[in-house]
Amino acid sequence: MVEKEIDWAAIASHPKFVELHQAKMRFLVGLWVFGATSYFLLLVGAISFPDLFNARIFGRLNFGYLFCLFQFVLAWAIAIVYTRKSNREFDPLTSELVEMIVKEKCQ
Amino acid sequence: MRYMFLPLLMVLIFGAPALAADAPVKAAEGVANVAAAVAAKAPSGVAAAPQLQAAAAAKPPAPAGKKMQTNRAFTISMFLLIIVATAGIVVWASKSTTTASDYYAAGGGISGMQNGWAIAGDFLSAATFLGITGLMSLFGPDGFMYSVGIIISFLTILLIIAEPCRNAGKYTLGDILAFRSSSRVVRAVAALSAVVVSIFYLLGQMVGAGKLMQLLLGIPYKVSIIGVGALIIVYVALGGMKATTWVQIIKAALLMFTGVILSAGILWKSGFSLLAFFDSVATSPGIQDHVRGVMKHPVAQPGFDYGQRFLELGLFFKNPLDQVSLGLAWILGAAGLPHVMMRFFTVPNAKEARKSVVASMFLIGLFLIMVSFLGFGAALYVTPQKISALDKGGNMAGLMIAQYIGGGAGTVTGDLLLAFVCAVAFATILAVVSGLVLASSAAIAHDLYVNVIKKGKADQGTQIRVARVASFFVGAIAIVLGIACENLNIAQLVGLALAVVASANFPVLIFALFWKRFNSAGIIAGLVVGTVVTIGILMVSPNMTYPKKVAADAQKIVLALEKKQSEAGALSAAELNTLEKARSDYSLNKDGTSLVGLDAPLFPLKNPGILSVPIGFLVTIAATLLFGNRREEEMFEELFVRQTTGYGVAKAVKH
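Residue numbers (my numbering), protein chains in the order written: chain A, 807 to 913; chain B, 74 to 728.
Hints are computed from structural coordinates only; laboratory data are not their basis. For clarity, every value in this text was computed on a predicted model and none was experimentally measured. Among the hints, a few may not be true.
[Stated by the list, open to error] Take a look, some chain B residues computed to stay more than 12 Å from chain A by CB distance:
1) Ser256
2) Phe351
3) Arg715
[What the hints assert, rightly or not] Only pairs whose alpha carbons sit at most 25 Å apart, straight line, appear in this in silico DSS-like list of lysine-lysine:
4) A/Lys830 with B/Lys589
5) B/Lys663 with A/Lys830
6) B/Lys663 with B/Lys679
We put the CB at the ideal spot given by N, CA and C, even for glycine.
Modelling step: build the complete structure from the supplied sequences, incorporating the hints.
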């Protein structure tokens with residue numbers, strides 16, 4: 807098995823790996839907190855702030871209903887942003903870095 | 074093994090309609106009895122628990138014993154079509170299921186897009202489809218707020234769970250938890266937790282399925298449960314993950330197709346103008362009357378726009394804390410459901426796992442938005458009065474609007490469309506329950522048998538055989554419990570499953586993936602305490618029946634009627650009946666206590682999440698810090714690098 811020869815600790819403690827992982831976590835957690843906050847604002851606001859949520863925006867459509875629709879758009883937007891960022895940045899950087907560290911350690 | 078099931082399958086395919094054919098009269102009686110029994114037990118009616126996931130079809134039909142007017146020939150042939158098509162898939166899939174990896178994870182050979190459709194299928198249960206349509210047709214956009222919970226729960230799945238799980242796991246949650254420790258106790262606890270959660274979830278679906286079949290086809294409840302259960306055992310035992318996935322994909326496609334047809338039909342009726350559509354909803358006299366009733370205004374308040382109120386939030390959900398509690402269960406709970414996690418092991422790598430989550434987010438989002446049109450459309454064209462006359466929870470709204478869009482009851486197109494939607498609902502039940510049975514049997518066979526009892530030493534043939542036997546037993550348990558819980562208010566079971574996962578499985582999973590010092594003590598304490606505390610809070614919550622409260626309500630009726638009697642001199646026969654019943658309710662319940670001996674709920678909310686989630690996290694952290702384990706800390710680096718990079722996975726998958 808190949809895995810037995812991998813020095814996992816060396817990869818995990820490599821400064822570049824640590825840096826990349828922290829950047830990725832900041833990005834992920836940031837998106838998650840943003841999405842979750844807006845969701846809880848909807849849940850609480852719908853009952854606690856009826857004046858704002860019942861304000862009519864388009865014809866009969868009110869703020870609360872449009873906020874619900876917005877949550878779907880937001881979720882999709884987060885999905886797209888994350889996919890692009892991963893495909894362009896995180897995925898190639900990670901595999902490059904791991905290959906590099908493994909090579910370094912084997913030599 | 075395989076041939077053992079064939080006769081059973083035959084009996085099912087040809088037996089169910091035959092039974093159905095002679096059963097209508099008995100079934101109608103059954104329906105009325107069940108309805109009466111449950112109506113007596115659940116006086117809350119409209120203010121039912123917000124966990125409507127399982128509420129679809131779980132609620133009894135209206136006390137009058139009214140039934141959906143269906144064309145039996147159409148409905149039965151559509152059901153048979155679904156059974157034959159899915160059975161075909163199972164036979165096809167069983168031919169290529171030869172290793173444990175084939176059985177649990179379809180050999181890792183499902184593409185991201187296919188898996189996306191299958192995940193969409195897992196989330197879009199009959200309860201989601203029928204329950205949310207019903208809630209919206211009776212209470213407006215509050216049902217839509219429920220849909221938002223589903224789509225938002227995907228943020229956790231996408232950003233935190235999917236890729237690390239694909240990289241670190243093999244078939245089950247137990248694989249990830251047991252990565253760092255070889256402790257067999259960890260495996261056993263993880264397996265038990267997966268089985269408990271899946272059974273809760275499954276029970277909600279099974280009882281819902283039985284009630285739906287009873288209502289649509291007139292098949293007696295017990296026969297429906299046994300039939301559905303047996304069919305699912307055959308599917309899961311023979312076809313494993315590959316068949317389950319393809320049944321799920323086809324059903325998701327059927328459901329999307331249904332959504333498109335019905336919402337297009339509704340928009341067409343209003344000239345494809347959304348604003349005109351909402352205008353007609355708000356100006357519909359039926360809806361205005363219904364909202365006035367919901368708000369308990371006996372006389373219309375001058376100047377109050379009841380139609381507009383129907384388009385506003387907060388007609389169903391009233392308590393912001395309960396909302397936050399439910400929200401927590403969604404955003405943390407859905408991500409850790411065993412049958413959802415298992416889906417990520419069917420794709421070859423993390424990138425495909427990500428793709429599958431994104432695909433399912435678009436599918437589910439589009440479907441839920443279409444469902445919102447169905448809900449409003451049902452309110453506008455069928456009217457809330459007719460919907461709640463057939464079923465108080467509104468669970469028949471989706472089917473009634475289908476019949477209406479097709480041309481109404483009695484027309485060929487109306488009956489055909491209704492039969493089609495019923496058959497899709499049936500396919501949905503089959504697919505969702507199959508996924509759940511597979512997840513529990515994987516926990517039993519892979520975690521308990523192979524890794525705990527056999528210490529990981531079992532050949533492929535044995536592993537599959539054990540998994541098949543396990544799925545047989547899980548299915549049998551589901552049938553028995555399904556029959557036993559016929560008259561139970563199971564609406565809370567799905568909500569309970571989500572709350573348990575959010576308070577027990579989720580903290581443990583997150584720490585296992587991201588916290589270096591996490592260890593076996595934390596896993597065991599987190600899973601056990603989280604589950605027990607959540608169930609415990611539920612036992613003292615308003616979801617239980619409190620006899621003293623029932624007695625107090627009965628006493629109010631008695632007093633009101635006695636007052637009327639003394640004033641008016643006499644009561645009508647119906648009123649006398651009510652009085653008699655209220656008196657007996659009072660004397661039966663006045664000294665009673667709830668299941669755990671309480672007079673009134675200790676915990677004020679219906680959803681335990683807001684208390685049980687923090688407890689789950691704290692207990693997990695405390696146990697971890699109390700019982701440090703150096704070896705497990707050292708193993709973290711391997712798990713951590715694997716889960717973040719996916720390094721070494723490609724080799725690990727090809728056993």
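Outcome of the hint check:
B/Ser256, annotated as away from the interface, keeps every beta carbon of chain A farther than 12 Å; the closest lies near 20 Å. Not every Cβ of chain A is farther than 12 Å from the Cβ of B/Phe351; the closest lies at roughly 4 Å, contradicting the non-interface assignment. With 12 Å as the threshold on Cβ separation, the claim that B/Arg715 sits away from chain A is violated: the shortest Cβ distance comes to roughly 8 Å. For a cut-off of 25 Å, the pair hint linking A/Lys830 to B/Lys589 stands: about 18 Å separates their Cα positions.
With a C-alpha separation of about 60 Å, the suggested pair B/Lys663 and A/Lys830 falls outside the 25 Å cut-off, and the hint is violated. Pair hint B/Lys663 plus B/Lys679 holds up; C-alpha atoms about 23 Å apart against a cutoff of 25 Å.
Consistency with the previously given hints fails for numbers 2, 3, 5, ordered from lowest to highest.
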